[in-house]
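A.B. asks: As you go down the protein sequences, you meet chains A and B in turn.
Take the first sequence: its letters are residues 1 to 312, numbered as in UniProt numbering.
Take the second sequence: its letters are residues 1 to 324, numbered as in UniProt numbering.
Because the hints were derived from the structure by calculation, they are not lab data.
Mixed in with the good hints, there may be bad ones.
The calculated label-pair distances, taken between Cβ atoms and stated as ranges, are [unchecked claim]:
#1 B/Ile5 with A/Ser89: 25 to 35 angstroms
#2 A/Arg309 with B/Arg42: 22 to 32 angstroms
#3 A/Ser97 with B/Trp49: 21 to 31 angstroms
#4 B/Lys132 with A/Val31: 30 to 40 angstroms
Sample of chain B residues with no beta-carbon within 12 angstroms of chain A, all distances over it, derived [to be verified]:
#5 Gly23
#6 Ala166
#7 Trp172
#8 Leu268
Covered stretches of chain A (chain B as the covering partner; in silico rule of three or more C-beta atoms under 8 angstroms from a C-beta of chain B) [what the hints assert, rightly or not]:
#9 148-156
#10 245-259
#11 284-298
Note that the structure is a prediction, hence the values are computed from the model and not measured.
Virtual Cβ for every residue (Gly too), placed ideally from N, Cα, C.
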Amino acid sequence: MLSILPRVLGCCLLLVSAGAVAVEARDDRGVLVKLAAPAERVASISTFGADVLLALDIKPAAVTRFGPFTQADYLADGLTGVPVIGSRSQVNMELLSQVDPDLILAIRRYTEMDSERFDEIAAYAALNLVSLDDSLRAVTLAGELLGKPEQAMALNNRFLQRLDQYERKAPGGLTAALLVTGAEAPFIYYDHFLTAELLERLGVENLGGALEQADQGLPLGYRMRLEDLLRQDPDVIFLFASNKERAFTHNPVWPYLSAVREGRVYEVGQHWKEAAGPIARDLVLQEMAHRLYPQLFDMPSLPEHLRSRPYH
Amino acid sequence: MKFKIAAGVLAIALMLLLSLMLGAQVLMPLDLWQILLGQGDRVQIIVLWELRLPRTLIALLVGAALATAGGVMQGVTRNPLAAPDLTGVVAGSACMVVILSTLFSMDAGWYPLAGISGGLLIGGLTFALAWKNGLMPIRVVLAGVAMSSVCVAVMTGLLVFSGAEAGELFFWLAGGLSGRGWQQLNSVLWWAIAPLLLVLLLSRHYRLLLLDDAIGRSLGANVSAWRLGFMVLAVVMTAATVIVAGPVGFVGLVVPHITRRFLSAQSLFWLPMNALLGALLLLAADVLARMPPVVQEIPLGVMTALLGGPWLLSLIRSGMGRSV
Numbered sequence: 001m002l003s004i005l006p007r008v009l010g011c012c013l014l015l016v017s018a019g020a021v022a023v024e025a026r027d028d029r030g031v032l033v034k035l036a037a038p039a040e041r042v043a044s045i046s047t048f049g050a051d052v053l054l055a056l057d058i059k060p061a062a063v064t065r066f067g068p069f070t071q072a073d074y075l076a077d078g079l080t081g082v083p084v085i086g087s088r089s090q091v092n093m094e095l096l097s098q099v100d101p102d103l104i105l106a107i108r109r110y111t112e113m114d115s116e117r118f119d120e121i122a123a124y125a126a127l128n129l130v131s132l133d134d135s136l137r138a139v140t141l142a143g144e145l146l147g148k149p150e151q152a153m154a155l156n157n158r159f160l161q162r163l164d165q166y167e168r169k170a171p172g173g174l175t176a177a178l179l180v181t182g183a184e185a186p187f188i189y190y191d192h193f194l195t196a197e198l199l200e201r202l203g204v205e206n207l208g209g210a211l212e213q214a215d216q217g218l219p220l221g222y223r224m225r226l227e228d229l230l231r232q233d234p235d236v237i238f239l240f241a242s243n244k245e246r247a248f249t250h251n252p253v254w255p256y257l258s259a260v261r262e263g264r265v266y267e268v269g270q271h272w273k274e275a276a277g278p279i280a281r282d283l284v285l286q287e288m289a290h291r292l293y294p295q296l297f298d299m300p301s302l303p304e305h306l307r308s309r310p311y312h
Numbered sequence: 001m002k003f004k005i006a007a008g009v010l011a012i013a014l015m016l017l018l019s020l021m022l023g024a025q026v027l028m029p030l031d032l033w034q035i036l037l038g039q040g041d042r043v044q045i046i047v048l049w050e051l052r053l054p055r056t057l058i059a060l061l062v063g064a065a066l067a068t069a070g071g072v073m074q075g076v077t078r079n080p081l082a083a084p085d086l087t088g089v090v091a092g093s094a095c096m097v098v099i100l101s102t103l104f105s106m107d108a109g110w111y112p113l114a115g116i117s118g119g120l121l122i123g124g125l126t127f128a129l130a131w132k133n134g135l136m137p138i139r140v141v142l143a144g145v146a147m148s149s150v151c152v153a154v155m156t157g158l159l160v161f162s163g164a165e166a167g168e169l170f171f172w173l174a175g176g177l178s179g180r181g182w183q184q185l186n187s188v189l190w191w192a193i194a195p196l197l198l199v200l201l202l203s204r205h206y207r208l209l210l211l212d213d214a215i216g217r218s219l220g221a222n223v224s225a226w227r228l229g230f231m232v233l234a235v236v237m238t239a240a241t242v243i244v245a246g247p248v249g250f251v252g253l254v255v256p257h258i259t260r261r262f263l264s265a266q267s268l269f270w271l272p273m274n275a276l277l278g279a280l281l282l283l284a285a286d287v288l289a290r291m292p293p294v295v296q297e298i299p300l301g302v303m304t305a306l307l308g309g310p311w312l313l314s315l316i317r318s319g320m321g322r323s324v
């Protein structure tokens with residue numbers, strides 16, 4: 001009798017797994033990603049994957065580096081002990097294989113050329129992760145493939161509700177520039193870049209302007225002439241993280257900018273550059289609203305090292 | 001002779017005017033005049049004094065220095081293909097800056113010294129590798145290409161591992177004057193001006209080096225010492241241009257050949273005329289670089305390569321390096 005018990009248990013397990021619901025979702029290439037069961041071991045190539053997984057209470061199986069940092073600082077303890085498998089543009093395939101994921105959530109523009117190799121390791125979903133629409137779609141896809149579509153939809157709905165609420169409350173009438181790089185000429189983001197889109201939704205004109213024809217949302221922006229920056233003279237400047245001293249802020253033109261004279265230049269965290277994840281985009285929206293309209297919006301609760309700060 | 005120099009000066013003056021006028025917004029001569037009188041629009045005043053004027057001066061300085069360095073290298077080695085970019089000096093300077101920037105995150109104040117030491121090291125190695133009973137042009141070019149390839153490989157490796165910085169370094173390696181101002185001019189002014197002036201002042205000795213070594217020695221010149229001295233000055237000048245503008249190719253190669261079409265290299269005015277033409281060419285390239293119909297400027301190095309590449313091909317086809 002006792003010898004039969006393990007067989008019975010085995011059969012039960014088999015029946016349970018056979019009954020597991022297959023999931024599928026179409027990624028940004030238009031490829032239908034199919035899984036026999038919701039993914040449990042997910043490797044994240046880009047910060048988005050780690051962000052959405054933690055937002056859905058799943059610990060990533062592996063993550064890539066976060067800009068100059070090993071891991072995304074704003075995701076804090078959620079990534080403790082999670083193996084790092086290289087950068088988003090250079091994934092260490094051996095490390096990725098060792099992790100043995102069942103799903104790879106990857107940023108498309110850095111990984112699509114290696115899609116066949118990724119597919120050999122696990123189901124591979126390629127995501128654009130540039131615009132707000134990309135972000136909403138990617139969260140939905142992740143929810144489907146993780147077997148948590150309702151939770152993912154709730155994340156999107158909560159964010160959109162907050163965005164609507166902020167949009168109604170924001171008085172507008174400002175101009176702003178999102179600048180990055182340590183070089184002599186700053187790089188400015190186009191309107192379709194998620195963070196710039198949030199600016200627009202808060203009634204702020206993004207000086208980067210619109211891109212007429214984008215392919216997968218690229219290019220994200222361009223090197224702006226300092227002459228143009230001076231002529232357009234933004235009310236607020238957000239400086240994205242850079243591990244170099246920003247040479248363009250030492251140009252004699254810099255002190256003439258209204259944002260500089262009014263003390264409205266802010267250094268922001270690395271998550272502003274990769275804000276497609278549900279946690280990051282929410283933090284960015286709240287902090288951006290506070291910096292633009294400090295009397296109307298409170299600063300979100302953030303650890304000191306993640307907070308934007310005035311740039312001098 | 002006077003006519004040629006006057007024409008050169010006039011061309012520079014015209015190009016300088018164009019450089020001050022053209023940019024994101026066109027400033028008409030009347031606007032410039034009002035700005036000079038301190039009456040112009042506030043933004044126009046800042047644009048002219050803080051952006052276009054220093055940028056124009058840097059372009060003139062970089063062009064003059066590169067052309068002089070090329071002229072010196074071609075003259076003292078008696079090699080028509082010797083130029084800062086073909087002898088590995090530009091790549092050596094750029095490589096050292098990339099190494100310091102990526103591996104050591106050193107302050108930009110060290111870049112001139114780093115660039116000069118990198119240029120001296122790679123330039124020296126190039127000439128040492130090329131030396132075989134004299135400096136044959138093809139050997140210099142081949143050794144220069146080999147050394148430049150090593151430098152490019154090192155830079156590529158560092159770019160691959162530099163993560164977020166790669167884009168910035170890539171932009172810098174394309175060469176350009178976008179966003180350069182008084183600070184960049186100050187940082188390299190003396191590194192470029194001092195050797196440039198020294199070369200111009202010592203042009204009598206330079207002309208001696210153009211002669212056969214035996215003739216030079218019979219005239220009492222220490223040929224080897226002068227040759228070394230001029231080469232060091234050329235490397236220092238080149239490195240200074242790399243620091244401020246990134247690697248800008250072909251100016252040092254092409255301009256001396258253009259100058260020889262106007263003047264004999266033995267002319268007392270050859271080096272100043274060469275510097276003048278170099279300044280003119282680079283300023284013209286920079287004005288073109290900032291005038292594309294798109295929002296972003298074309299890198300200056302791309303512009304000079306587009307102008308200089310066909311010239312190099314025509315040099316090769318015309319048998320300029322036939323001694324090779």
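A.B. asks: Report holds or violated for chain B covering the segment 148-156 of chain A, Cβ cut-off 8 angstroms, minimum 3 residues.
C.D. replies: Since 0 is below three, the answer is violated.
A.B. asks: State whether the coverage of the segment 245-259 of chain A by chain B holds or is violated, taking the criterion as 3 or more residues with Cβ-Cβ distances under 8 angstroms.
C.D. replies: holds (count 8)
A.B. asks: So is the segment 284-298 of chain A in contact with chain B by the C-beta rule, three or more residues under 8 angstroms, or is the coverage claim wrong?
C.D. replies: violated (count 0)
A.B. asks: Minimum C-beta separation from B/Gly23 to chain A exceeding 12 angstroms: can you confirm that?
C.D. replies: B/Gly23 not clear of chain A: closest Cβ-Cβ about 5 angstroms, inside 12 angstroms.
A.B. asks: With d taken as the least Cβ-Cβ distance between B/Trp172 and chain A, does d exceed 12 angstroms?
C.D. replies: Non-interface label on B/Trp172 violated, nearest chain A Cβ at 6 angstroms vs cutoff 12 angstroms.
A.B. asks: Assuming the hint says 21 to 31 angstroms, is it satisfied by the Cβ distance from A/Ser97 to B/Trp49 or not?
C.D. replies: violated (59 angstroms)
A.B. asks: Over 12 angstroms to the closest beta carbon of chain A is the bar; see if B/Ala166 clears it.
C.D. replies: violated (9 angstroms)
A.B. asks: Between A/Arg309 and B/Arg42, does the beta-carbon spacing fit 22 to 32 angstroms?
C.D. replies: holds (29 angstroms)
A.B. asks: Is it the case that B/Leu268 keeps its Cβ farther than 12 angstroms from each residue Cβ in chain A?
C.D. replies: The claim stands: B/Leu268 keeps its Cβ more than 12 angstroms from every Cβ of chain A (closest is about 38 angstroms).
A.B. asks: Just to be sure I understand the hint, the distance between the Cβ atoms of B/Lys132 and A/Val31 should be within 30 to 40 angstroms; is that true here?
C.D. replies: violated (59 angstroms)
A.B. asks: Is it true that the C-beta distance of B/Ile5 to A/Ser89 lies inside 25 to 35 angstroms, as the hint says?
C.D. replies: At roughly 53 angstroms between Cβ atoms, A/Ser89 and B/Ile5 fall outside 25 to 35 angstroms, so the hint is violated.
Checked against the numbered hints above, the structure violates hints 1, 3, 4, 5, 6, 7, 9, 11; every other hint is satisfied.
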